[in-house]
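A.B. asks: Based on these hints, arrange chain H on the given structure of chain E.
Residues per chain are reported as follows:
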Amino acid sequence: MKSAYLDHASATPVRKKVFEAMLPYFSDQFANPSNVYDIGSKMRQVVEEQRGKVAELIGAKAGEIIFTSSGAEANNLAVKGVGLAHQKKGKHVIVSSIEHHSVLNSARFLERLDFEATFLPVDQHGTIDPERLVKAIRPETILVSIMHANNEIGTIEPITELAAICKEKGIIFHTDAVASIGNINVDVNALKVDLLSLSGASLGAPKGIGALYFRKNLRLMPLIHGGIQENGRRAGTENVPGIVGFGKAAELAKNEVSKMEPYVRKLRDRLVEGVFKQIEKVTYTGHPKKRLPGHASFCFEAIEGESLIFMLAQNGIYSNTGSACASKALKTSPVLGAIGIRADLAQGSTVFTINDNNTEEDIDYVLEKLPPIVDRLRFISPIWGKKVPETEEGVCT
Amino acid sequence: MRFVENQEADEMLDLVCRMCPMHLLEPGDKLKCMKKGQILEVLTDYDQALEDIPEWCKKCDHEFIGVEEEDDCYKIYIKKKK
Numbered sequence: 001m002k003s004a005y006l007d008h009a010s011a012t013p014v015r016k017k018v019f020e021a022m023l024p025y026f027s028d029q030f031a032n033p034s035n036v037y038d039i040g041s042k043m044r045q046v047v048e049e050q051r052g053k054v055a056e057l058i059g060a061k062a063g064e065i066i067f068t069s070s071g072a073e074a075n076n077l078a079v080k081g082v083g084l085a086h087q088k089k090g091k092h093v094i095v096s097s098i099e100h101h102s103v104l105n106s107a108r109f110l111e112r113l114d115f116e117a118t119f120l121p122v123d124q125h126g127t128i129d130p131e132r133l134v135k136a137i138r139p140e141t142i143l144v145s146i147m148h149a150n151n152e153i154g155t156i157e158p159i160t161e162l163a164a165i166c167k168e169k170g171i172i173f174h175t176d177a178v179a180s181i182g183n184i185n186v187d188v189n190a191l192k193v194d195l196l197s198l199s200g201a202s203l204g205a206p207k208g209i210g211a212l213y214f215r216k217n218l219r220l221m222p223l224i225h226g227g228i229q230e231n232g233r234r235a236g237t238e239n240v241p242g243i244v245g246f247g248k249a250a251e252l253a254k255n256e257v258s259k260m261e262p263y264v265r266k267l268r269d270r271l272v273e274g275v276f277k278q279i280e281k282v283t284y285t286g287h288p289k290k291r292l293p294g295h296a297s298f299c300f301e302a303i304e305g306e307s308l309i310f311m312l313a314q315n316g317i318y319s320n321t322g323s324a325c326a327s328k329a330l331k332t333s334p335v336l337g338a339i340g341i342r343a344d345l346a347q348g349s350t351v352f353t354i355n356d357n358n359t360e361e362d363i364d365y366v367l368e369k370l371p372p373i374v375d376r377l378r379f380i381s382p383i384w385g386k387k388v389p390e391t392e393e394g395v396c397t
Numbered sequence: 001m002r003f004v005e006n007q008e009a010d011e012m013l014d015l016v017c018r019m020c021p022m023h024l025l026e027p028g029d030k031l032k033c034m035k036k037g038q039i040l041e042v043l044t045d046y047d048q049a050l051e052d053i054p055e056w057c058k059k060c061d062h063e064f065i066g067v068e069e070e071d072d073c074y075k076i077y078i079k080k081k082k
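Chains as they are written, first to last, in our numbering: chain E, 1 to 397; chain H, 1 to 82.
Hints are not guaranteed to be accurate.
[Claimed, not checked] With a cut-off of at most 25 angstroms between alpha-carbon atoms, the simulated DSS-like pairs for lysine-lysine come out as follows:
#1 LYS32/H with LYS61/E
#2 LYS35/H with LYS79/H
#3 LYS82/H with LYS30/H
#4 LYS42/E with LYS32/H
#5 LYS216/E with LYS81/H
#6 LYS89/E with LYS75/H
#7 LYS42/E with LYS30/H
#8 LYS88/E with LYS75/H
#9 LYS82/H with LYS216/E
Bear in mind the hints are in silico, worked out from the structure with no lab data behind them.
Chain H on its own, in the form it takes in the complex:
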């Protein structure tokens, strides 16, 4: 797992209390509305997201930047590549 600190983001998505598959569907929808090169922060308390999101980024050709832990939640950073 790649960890980051103080990563900045252009958009934020609060998915706390939301589970599979919303942790993949909502970032997908959000990234569609963002520009190439912009960074999305996904805030989640869903442990499975740590495995699923990096894998999903590979499939969808987005860049998984890394994870930061904060108050029992994870901030997962994704860069829109195309």
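Only chain E is shown next, with the shape it has when bound in the complex:
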């Protein structure tokens, strides 16, 4: 059976060069980087080299990178770590209402510790209005966290503008770049952010490795206390194979992102054009232009996204409905709710995330299979008005 993987926001395949770079660190190169003897020091050197590569990808210095177990941990460390370290200055944080759960729930955790959190609304495209941010800021605001790009609707936020507002007011600004890294150029100096979260799985490194960029000298309360790893900011013996994989993937991405972007954008546009040509009653969610190049998100009227994903998967097509972790909860996406999508329409959310592993053939295969599946699901939908597909050939079994 043909197959097309279009769910790169959930996970990317580990790149061959990344896998090869990691291999020795599962076997021969096993020493603990904290050990003082030669093979331990060598491991320490390897970890520091990778730190430099990850830093280079985002225009940072090596000393400004903390390795974590995931993007979610990086988000936790940013929100809770800043909140707890700066609470004497104030106990108010602002996050957007469409953040990843690791940011939203970290802000809610701070609320349990007598912090106040403001969940900033977005417009119909999922964009934060800088004026709204200005109005939400209080004298006791210590942190603003707004994602670089949304994983579910692809919208890219005006981070430079939002970060500048915070900088002027002396407020720490964090952005979650897990959805954008590897898809568009991410530079901490251009964005002018204080903290930025990354995930290795976004760019062809394995799952289980992430990083937090933090501006030099920024105070952060560690979440994991213990030894001297990550300069005492995140204890626990380093995941050396993961770190090596992340370093290699970052090195490769540094040279490839700009070249990849037009190719991926072309594939995405081919998909969007094809969907609107062949399927009626479809809503394209997220910003029509200011969005990730490989991101296409739709709501198909009178369809349940889970069923659509399942039937596409039966045909070897892998996509998603909402964010990977939220989709299992079988509840209406808070992101789609925040951009004003009706609850019934939001049920039909389907997200395709394309990268340079994909080809025109993949897109054409989706465009061949998707319309009859939509017809089939609408045929059995109680809210579609019993519309019958035009031909039986189009029915997916």
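C.D. replies: Just chain H, lined up with the frame of chain E:
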């Protein structure tokens, strides 16, 4: 404990939210880059530093000048002796 007031310093190290053994490792690294006679201010909220740093200064032959309390933090002053 020796307390000081309005002590000036040549360099400052912010170790707030950092714990053992970073309160000893980071001053050690910083002092290596400083000149003889210069003074380092270590800003910390780690109570154990009040015991550890004077002791560590003796071992490493640095001069422990004293401590000043400020906003729930301690400013610990160390002079590089050699």
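A.B. asks: Does each hint hold? Answer for all of them.
C.D. replies: Tested hints:
Distance hint between LYS32/H and LYS61/E is fulfilled; the C-alpha atoms sit about 21 angstroms from each other, no more than 25 angstroms. Distance restraint check for LYS35/H and LYS79/H: the Cα-Cα separation of roughly 10 angstroms lies within the 25 angstroms cut-off, and the hinted pair is therefore satisfied. With a CA separation close to 14 angstroms, the supplied pair LYS82/H and LYS30/H stays within the 25 angstroms bound. A C-alpha spacing of about 23 angstroms is found between LYS42/E and LYS32/H, which places the hinted pair at or below 25 angstroms, so the restraint holds.
Under the criterion of a C-alpha separation no larger than 25 angstroms, the hint pairing LYS216/E with LYS81/H is inconsistent with the structure, at around 28 angstroms. Taken as a hint, the LYS89/E and LYS75/H pair is honoured in the structure, with Cα atoms around 19 angstroms apart against an allowance of 25 angstroms. Between LYS42/E and LYS30/H the alpha-carbon distance is near 23 angstroms, which keeps this suggested pair within the 25 angstroms criterion. Distance restraint check for LYS88/E and LYS75/H: the Cα-Cα separation of roughly 17 angstroms lies within the 25 angstroms cut-off, and the hinted pair is therefore satisfied.
Of the pairs offered as hints, the one joining LYS82/H and LYS216/E is violated, with about 29 angstroms between alpha carbons and a cut-off of 25 angstroms exceeded.
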